[in-house]
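S.K.: Start from chain U and add chain V according to the hints.
Chains as they are written, first to last, in the working numbering: chain U, 1 to 117; chain V, 1 to 110.
Since the hints were derived computationally from the structure, they do not count as laboratory data.
You can take every hint at face value.
In silico BS3-like cross-links for lysine-lysine, where the CA-CA straight-line distance does not exceed 30 Å: (1) 45(V) with 64(U); (2) 102(V) with 55(U); (3) 102(V) with 66(U); (4) 45(V) with 41(U); (5) 45(V) with 66(U); (6) 2(V) with 55(U); (7) 64(U) with 2(V); (8) 79(V) with 41(U); (9) 66(U) with 2(V); (10) 14(U) with 42(V); (11) 42(V) with 64(U); (12) 42(V) with 41(U); (13) 102(V) with 20(U); (14) 42(V) with 66(U); (15) 102(V) with 79(V); (16) 102(V) with 64(U); (17) 42(V) with 55(U); (18) 20(U) with 42(V); (19) 2(V) with 41(U); (20) 45(V) with 20(U); (21) 55(U) with 45(V); (22) 41(U) with 102(V).
Computed from a prediction, not measured in an experiment: that's the story for all the values here.
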Amino acid sequence: GAVVSQHPSWVICKSGTSVKIECRSLDFQATTMFWYRQFPKQSLMLMATSNEGSKATYEQGVEKDKFLINHASLTLSTLTVTSAHPEDSSFYICSATGVFTNSYEQYFGPGTRLTVT
Amino acid sequence: RKEVEQDPGPFNVPEGATVAFNCTYSNSASQSFFWYRQDCRKEPKLLMSVYSSGNEDGRFTAQLNRASQYISLLIRDSKLSDSATYLCVVNIQAGTALIFGKGTTLSVSS
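Chain U with its partners taken away, still in its complex shape (with noise of 0.2 Å):
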């Protein structure tokens, strides 16, 4: 099956840095790749859907300014968490579809756990 990796698959920043979280798919073209955040006991919450070289589109209440989102190539994506705070501590999972897999089928990378600190 398709592989998505996601790199780092943890990390722990101090309150106003930015971390960059990485989103690869390693044997396929992902034309499409959808970031999702989740909290403790809560549901996967889609926070944007980025289309290879175009601007991604966020949900409703994302701060595009402050998760920015790069889709630079068919193989990567990445989300950086600008001036992270406290509350910006989750779980953020990214997924991926391509024109080679089944178009309803989507596959996850592993997740980055963020923590502020």
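M.R.: Relative to chain U, chain V alone:
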């Protein structure tokens, strides 16, 4: 009203038990339906897709009722390894994001 609603849980059952999870979705235009499994501090993993005709995969049976906008998952002969959170997931359109329910936690004990 939430887009995907699930049984509140948690479900605590002994090994060998049969357990059923229910889910409803609000958007009648939904096209694809899934059950995902999520272990603690891990990403969700696809358990099975759900079809109108119903489908079975070993001890797992999924059903979809489009008229009632209702999805179910039945697990027979529960194993300790089935302990996880089960997520009901809906997709409105191919290529768009998945919509997740909050999940139902299952704990199987010996």
